[in-house]
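Novice: In case you want the letters, here they are:
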Amino acid sequence: MRKGLIVSLALFTALSTVTAQSYQEPTLPKISGNTTLEVWSWVPNLDKTVKEFEKLYPNVKVKVTNLGGGPQTYTKLNTALKAGSGAPDVAQVEYGFLPSFIDTGGLVDLTKYGANASKNLFVPWTWGQVSPDGKAVYAVPQDTGPFAMVYRKDIFDKYKLKVPTTWDEYAKTAEQLDKASGGKVKMGNFYTTFAPWFIALAWADGGQFFKRQGDSWVQTLDNPSSKKVLNYWNGLIKKGYVGTLPAFSADYWNAAAAGQVATNFEAAWGPGGYASSMQGKSGGNWRVAPLPQWKAGGSASGNWGGSSMVVTTQSKNPAAAAAFALWLNASKTAVETNFKGAGLFPAARAGLKLPALNDKTSPPIKFFGGQNINAVYAKASEGVNVNFQWAPWYPAVDANFSKQIDAMVKGRLTPDQALAAWQKESLDAARKDGYTVR
Amino acid sequence: MRHRVTPWLFLSPFLLLFTVFYLTPVGYAVYLSLFIKKRVGFGPAKDVFGGLTNYVRALQDTDFLRSLANIGLFAVVQIPIMLIVAIAVAIVLDSVKGRAQRFFRTVFYLPYTIPTVIAGLLWGYLYSRNLSPLNQFLTATGRDPLDLLSSTVVLWSVANIVTWTWTGYNMITLYAALQNVPHDIYEAARIDGADGWNLVRRVKLPLLRPTILLTVIFSIIGTMQVFSEPFVLRPLGYVPDNITPNTYIYLAASRDVQYAYAAAMAILIALVTFLFSGIFLRYARLGDNT
Chain A
1 MRKGLIVSLA LFTALSTVTA QSYQEPTLPK ISGNTTLEVW SWVPNLDKTV KEFEKLYPNV
61 KVKVTNLGGG PQTYTKLNTA LKAGSGAPDV AQVEYGFLPS FIDTGGLVDL TKYGANASKN
121 LFVPWTWGQV SPDGKAVYAV PQDTGPFAMV YRKDIFDKYK LKVPTTWDEY AKTAEQLDKA
181 SGGKVKMGNF YTTFAPWFIA LAWADGGQFF KRQGDSWVQT LDNPSSKKVL NYWNGLIKKG
241 YVGTLPAFSA DYWNAAAAGQ VATNFEAAWG PGGYASSMQG KSGGNWRVAP LPQWKAGGSA
301 SGNWGGSSMV VTTQSKNPAA AAAFALWLNA SKTAVETNFK GAGLFPAARA GLKLPALNDK
361 TSPPIKFFGG QNINAVYAKA SEGVNVNFQW APWYPAVDAN FSKQIDAMVK GRLTPDQALA
421 AWQKESLDAA RKDGYTVR
Chain B
1001 MRHRVTPWLF LSPFLLLFTV FYLTPVGYAV YLSLFIKKRV GFGPAKDVFG GLTNYVRALQ
1061 DTDFLRSLAN IGLFAVVQIP IMLIVAIAVA IVLDSVKGRA QRFFRTVFYL PYTIPTVIAG
1121 LLWGYLYSRN LSPLNQFLTA TGRDPLDLLS STVVLWSVAN IVTWTWTGYN MITLYAALQN
1181 VPHDIYEAAR IDGADGWNLV RRVKLPLLRP TILLTVIFSI IGTMQVFSEP FVLRPLGYVP
1241 DNITPNTYIY LAASRDVQYA YAAAMAILIA LVTFLFSGIF LRYARLGDNT
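Chains A and B are the protein sequences, given in the same order.
Going by the numbering used here, the first sequence opens with residue 1, and the numbers climb by one from there.
Going by the numbering used here, the second sequence opens with residue 1001, and the numbers climb by one from there.
Among these hints, one or two may not hold up.
[Unchecked claim] Stretch by stretch, here's where chain A covers chain B in the computed footprint (C-beta under 8 Å, at least three residues):
| id | region |
| --- | --- |
| 1 | 1009-1018 |
| 2 | 1097-1103 |
| 3 | 1124-1138 |
[To be verified] Computed cross-link-like contacts, DSSO-like style, restricted to lysine-lysine with a CA-CA straight-line distance of at most 30 Å:
| id | chain 1 | residue 1 | chain 2 | residue 2 |
| --- | --- | --- | --- | --- |
| 4 | A | K112 | B | K1097 |
| 5 | A | K379 | A | K403 |
| 6 | B | K1038 | A | K432 |
| 7 | B | K1097 | A | K403 |
Hints in this document: simulated from the structure, not taken from any laboratory.
All residues carry an ideal CB built from backbone N, CA and C; glycine is no exception.
Using the sequences and the hints, build the whole thing.
Specialist: What follows is the structure in structure tokens.
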């Protein structure tokens, strides 16, 4: 037994040395002259991470402004880009919102600074996100939110349920749980005001929502995957198997901690929020499993959230800014610090193999019973459909979703009608904003 | 010549600030509202002169018109309730003396001193589906919890917060007006046999009339600007974008980056507010003459 332990320890050390050595570092350029970079981000502790960059480049000062995230962050960036002054050198933008910023003309095409050479450092689908037309590159991928299922092991054990691997099994398990618990425990919770959550589920089924075609756009919010996914969930909601508490609300955290919700679908950055928001309640009882599949044996996943770092045209030293963005998201030092300090799930391929991702002392892993949850998420990351695209009017699409789903949950619209209305109203909004779209 | 220059010199600090901080922004908003976005291919949009296009669009935008209808309904219901309560409390406080008066005056005024955002968060908790003490009581007694943040009732949940905040403020204004009434008027009225309800109806209310008009005007203007309460409640559930005109305009500008369209709607709102306050003032003055 002891021998086995020593052998496996030795093996582990050997393996981790190998991975550490084989970490593929980005090729960083020389930066000449003294310069100061201003960075807007909402990543916690970023001001500490950038100290390492300043060590590497003593002639570069990095000033981090933490904007806290949320819609106001984009308002500030939009206003500065529109005004033509006041924008930072580098800013954090989520993938879904990237096209709307590309559209302002305020972002630097990073191919000028050799961005394409870094393409293979990142998880393949993220490159499609930062380079929507396959030519210009407008950002460096930072973190991702591949989708997996979180569930309460104690509830599954108590009611002798099997962890579902397909959506068919998920629905059956929901019914069993409803009967066994007398309706007290919901199988899941549909986030009615978070379009990206729903989109991630349809994304996993290969759903396409936006596409560039020639000189115009095609928007298909009511694509077959959307219809399939929404009808499926509406069925579960109507039967009462699934709740509709708002995401990130005190109500949701309370219900989840109290054992009233057996499963949910969360991105790789989700477990950290679970551990901190439930303040240790129900700690150790949670686990992560791969996303259930429509076809048994599959490994498809979608993505919710995740960010990239853009360089604005207002930067006085875009070459240095581009180098910083690359360092921050691809170098081992930064990727590791950002994971530890902020829970950023790396977009860098090499980052997914870092031993730090399975640090048993980290709060999320403790909350999830010591499970190697990031291995599940790293696997999910490989299953994310590469060709997914967003559109510059996505903010309006995002907002309209909540309106239609509210009507659906209240029974005023069927899922198909809700999707048709979502498609039509978003299309009208895009056209009024001057886009050629059908 | 000197006589012509001197007044302008004295006026210049005011005129400068008035121009820089008031006329210029308003002028810029009007200017901005005349442009529309033009796009060719995938490039960034160009702002081109669009004349009154944004205004026509606003008047045809059912979501925007709905926000106006919402706030109209809100005003018709909320302002009378708030002011009737404020008048009643002011009159009662005016006739009570001593420690009780000071205590209740503070208690009623207290909500106004709490920042709107904090008030919104507090009420958001009281409105929540599971955590609200009210809903916990209902569930414990075997009844269904109320969804006070449901999109169909959330306008009235907002009205409740606004009433809670502003009743005390209006009460203090009215109460101060009553305190300024010379007491010989009451004595004279009492000698004439006016007492209790008659004193209120024939003496106090008529004396309060100018102050009541003032509070009505302020309430109309304030209602048109309701923003923080629904905005704070938004993350707690589905609160429609167009619950009030100001949330709708804010989201058009900040979220959808449609500054020009937002400017056009803001100007329409200013005109509507101006119109309603004007109509009310005129109507109230006519009442004065009879």
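Novice: All the hints need checking, so say for each whether the structure fits it.
Specialist: Each hint, compared with the structure:
For the region 1009-1018 of chain B, the proposed coverage by chain A is not satisfied: 0 residues have a C-beta within less than 8 Å of a C-beta in that chain, short of the threshold of three. With 0 residues carrying a beta carbon less than 8 Å from a beta carbon of chain A, the region 1097-1103 of chain B misses the three-residue requirement, and the given coverage is violated. Residue count for the region 1124-1138 of chain B with a Cβ under 8 Å from a Cβ of chain A: 5. That meets the three needed, and the coverage hint holds. Restraint check for K112 (chain A) and K1097 (chain B): not satisfied, since their Cα atoms lie roughly 79 Å apart, outside the 30 Å limit.
Restraint check: the Cα-Cα separation between K379 (chain A) and K403 (chain A) comes to about 34 Å, which exceeds 30 Å; the hinted pair is violated. Between K1038 (chain B) and K432 (chain A) the CA atoms are separated by roughly 10 Å; this keeps the pair inside 30 Å, and the hint holds. The hinted pair formed by K1097 (chain B) and K403 (chain A) fails the criterion: a straight-line CA distance of about 52 Å is larger than 30 Å.
Taken one by one, the earlier hints fail for this structure at numbers 1, 2, 4, 5 and 7, listed in ascending order.
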